[in-house]
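Residue-level listing of the chains:
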Amino acid sequence: MNLKKVILLIAVAALLGTSIFAVGAKEDVGKPKEVTLTIYARAYTFAQDAPWVYAKAELQRRHPDINFTFIEEGFGWADMRTKFLTSAAGGSPPDVMMTDIIWLGEFVDNGLLVDVTDRVAKWDEWDDVVEAYKDATYWNGKVYGTWLNTDVRVLVWNKDLFRAAGLDPEKPPKDWNELHRMAIQATNAPHYYGFGFPGTLEDESVMKFYANLYSNGGQILTDDNKKAAFNSPEGVEAMSALIDLIKAGATPTSIVSGKASDIDNGVFQGKFAMASMTKAYGLARDLIPGITPEEYKKRFGLAPIPHAPGGVPATMSGGYLLTIPTGSKHQDLAWELITIAAGAENQFKYTAARGYVPTFKSLMARGADYVEVDPFFSVILDALPSAFFRPSIPEWTEISAEVQNVMQALILGRMDVKEALDLAARNVDMILSE
Amino acid sequence: MNLNKNQKETIRGYLFVAPVLILLFLFSLYPLFKTIYFSFFDIRLASMNRKVFAGWKNYRLLFTRVNPSFFSQILPATVYYVVGSVAGQIGFGFLLAILVQQKFVKGREAIRAIIILPWVVSGIIIAISWRFMYEPRLGVLNYLLMRMGVVNPPTWLNDERLVMGCLVVANIWHGMAFSFIIQTSGLHSISDEVMEAALVDGANGFQRLTLIIIPLVRQFLVLNLILTSMATINSFDLIFAMTNGGPMFKTEVISVQMYHRAFGFGRLGEGSAIATIILLMNLILTIFYMRMNKNQSAGGDG
Amino acid sequence: MRSKRSLLLRVITYAIILIWIIFTIGPLYWLLSSTFKPSSEAIGYPPTLFPKNPTLQNFKNLFTASRFNFYSYGHSFIIGSGAMLISLLVAMFAGYGLSRVRFKGKQIVMTTILLFQMVPILATLIPLYQTFSQYGLYNTHLGLMLIYATQTAPMNTWLLKGYFDTIPYSIEEAAQIDGLSRLATLYRIALPIAAPGLSASAIFAFFKAWNEYMVALTMTSTVRPYTVELYRFIGEQGDVDWSLLGTAALIAVLPVFILFSFFQKYFIIGMSGGAIKS
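Sequences listed follow chains C, P and R, in order.
If you're matching positions, the first sequence starts at -1 in my numbering and goes up one per residue.
If you're matching positions, the second sequence starts at 988 in my numbering and goes up one per residue.
If you're matching positions, the third sequence starts at 7 in my numbering and goes up one per residue.
A portion of the hints provided could be inaccurate.
[As the list claims (entries may be wrong)] Rough simulated footprint, nothing fancy, chain P against chain C, three-plus residues with beta-carbon under 8 Å:
no., segment
1, 74 to 84
2, 243 to 257
3, 261 to 272
4, 392 to 399
5, 407 to 420
[What the hints assert, rightly or not] With the C-beta cut set under 10 Å, the calculated list includes, among others, these residues of chain R facing chain P:
no., residue
6, Thr19
7, Pro33
8, Ala190
9, Ser227
10, Phe266
11, Ser267
By construction, these hints were calculated from the structure, which means they are not laboratory data.
Please read all numbers here as calculations on a predicted model, not as lab measurements.
Backbone N, C-alpha and C fix where the C-beta goes; we use that ideal spot for every residue, glycine too.
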């Protein structure tokens, strides 16, 4: 009977498959010198040598008596947080967690991370961390991890499009007024536009607003993090600087579904004359195969983000910490792995390979070694002192979503800037007052 | 004696359905009870062990929140998405099942295999590739339109009026195979004699469809309707990856809202309350379909 | 007259089928063609409908540089097959019982089973995680098989019940008089006739498991299916490595597609023929 044959075939295949693959599935505990370390990190970090391949090998070298098994779980951004919270609540957290700096407050306030204040004090590389970044690892006076990398946003412009518009390709805009004027001049709709910024519901979109906000002397929340402060007059000006570009036609409303990566690619593909981004050179090399540093310098430029007229230079920083979750059974080994993975030597390899920004003073001084990362790396390093962080409070995800929502309404021209920011501020106050 | 035989049959009947009931109770009903229980607590994903009783607060929040508003944003988006997807999937599924079933169609196996292809591809890949195709400046869709001479092609996902339609099309593309398979097996249950008799009687295509075929496969259509509606109400991954509920909550269907509350913002209690509401919506819809089916069949048979 | 009309019917039929096939294949072609393009071309503008310089470099990269875990396909296959077997087994019994046995409360049981189809899996994810980690089902093939089987068992029960209903009972009755037990009748007589229904159920159960992402992500650590593993190609800002993603997707789709074509030949076409008509 044909049917029987097919069912038999499936059953045999399934059994065979199970017996082959099930072997690898069970963890071997029992032997005394076996240690299993589970790492939760962004999926792309496992696709390259730095940091994990080097760190694992080094840890194994230092402990020849232990037989390590490393379980690597790679995630997308949102999933990583969800899975971590789920597993922590289920009592089976990983041993090393790659924590986005904006999750710090949420994780720590709920007792999910191990305090490493004493450990960093004994770590000889800790003093080498740039002060501002050292400060950012504190929550309620304690340290909870160390930086794997940071990033910082700078303006990237397409010199070909500048030339086509009759603009001086070597003179990027310095402040909002210049940006506005030059963006309009560089626009040739619908073929390309003067300025691009992402409008999807994600933090990267509102980051452009926050940079303007700080530049204009405003801030996101009040100093005690208890109330919204972004709807101040400074905030309205900061948001208007972006929205006016849309009203002037220098930015298309279609950025509403444009993810940051789409906008960034657009600059190198001649779809936008300007946008602010991280990792410019890496993108350029992906999109324009075989581009040489000289050619890159000829066709694109990097500069600080245009500041408010009369304001201060400002940009936004983010990045990841390596932390130890509460409940890890091998905290000493986990910390050792972290110090190797996020130590200066490994951080250099990691940041140099991916175009990120280091957090060690000794690496800042090695700007020349980063030419491979970006021929304009000095521009990125120069922007660091003007970098601001978003408040890492537990409610951050929710708060930022409120701003993202009104920003979409503004892009589509559905609200007035003041009205929109007030609405978001009311919602944020409600979230914070709970 | 007679009663005894009935009892035996009853026991036999329950033995047949026992395995499926055990499976459902353990892996669906039990966790579901827990979810409904969670919906009455202030409980965070980050601190599940500290929960405070909240009464109906989580339910109240869903209906009173203004941004997004349940009645003017979430509900219309959900209805649009569900009605559009269900009508499209079943309509095209049924139509193509009948067409492919026609005797003169050559290469039937190959056609069926191709029609079912989108279903084989993981939802994530579908979502990101459709998002990229819709991309107004870089996407292949507008590139083709511009090559064909369209000067101002639409901006698809960026257009408040078009965005939901775009999602529905992508969802029909992905999910139609399900209805196609159900309807194909339904048509197989009609004997060729009936089909041929209908042809000989001179019934034209449309009459044949409504008078002969539809009543015979009605059970399959109703089941299809119920299953597809539920699957669409419950699904979130396509919208999540393509628009994440935007722009301006135009695509914030209720399951996406549940994801945002429970996982995005970590408010498990609120997410659980929304899950319970989704369950109720499904229940009402199912009862409605079943009633409709009953009335229909009573009318038809009488 | 008649032949003219039937010719028109044929033309319309073929036209609609053709349009749908183009609609179906278009997006897939576009995704899979990136498999043979270098990544700069895959995300480049203007998009190229045909790879300018077809290359197999992406396969090489996928197998060497990307560190993609190829066992993930195996995990997906095991989980899919297991979920399919469990779902088919329980649904077959229940469907047959509901169709052939008269018993009190049958209508209620049937409705109850169907109502389970409306439980959103996302809603039960956290409680399931807690239970699974408690009872050692976390990170096992069996755990995922059970969840996915639960997802498809209700509709498969109904589908098979509906299918058994369309099969005349007289053949089975005759067999029962010949002394075959109910189970034997189910196995020897009803099942072969129900093959088209079974094939549909099998396909549902398998693909539901094969394509699922969210549950798999939450419930696995080392036995991750390929859907979770695909996230390797999604970068820092949600940027996608189209070439590698397309290549990995092609590898996932191809064997399943071949398997499916094989199945439908055996099930839908081959088995349904003579049995029902008799």
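A quick look at each hint next to the structure:
1. 74 to 84: holds (count 4)
2. 243 to 257: holds (count 7)
3. 261 to 272: n = 4 at 8 Å, threshold three: holds.
4. 392 to 399: With 4 residues in contact (Cβ-Cβ under 8 Å with chain P), the coverage given for the segment 392 to 399 of chain C holds.
5. 407 to 420: Per the Cβ count (4), the hint holds.
6. Thr19: It holds, given that the least Cβ distance between threonine 19/R and chain P is near 5 Å, below 10 Å.
7. Pro33: Since the shortest Cβ distance to chain P is 6 Å, the answer is holds.
8. Ala190: violated, 14 Å
9. Ser227: With a minimum Cβ separation of about 19 Å from chain P (threshold 10 Å), the hint on serine 227/R is violated.
10. Phe266: With a minimum Cβ separation of about 7 Å from chain P (threshold 10 Å), the hint on phenylalanine 266/R holds.
11. Ser267: It holds, given that the least Cβ distance between serine 267/R and chain P is near 5 Å, below 10 Å.
Hints 8, 9 from the earlier list are contradicted by this structure; the remaining hints agree with it.
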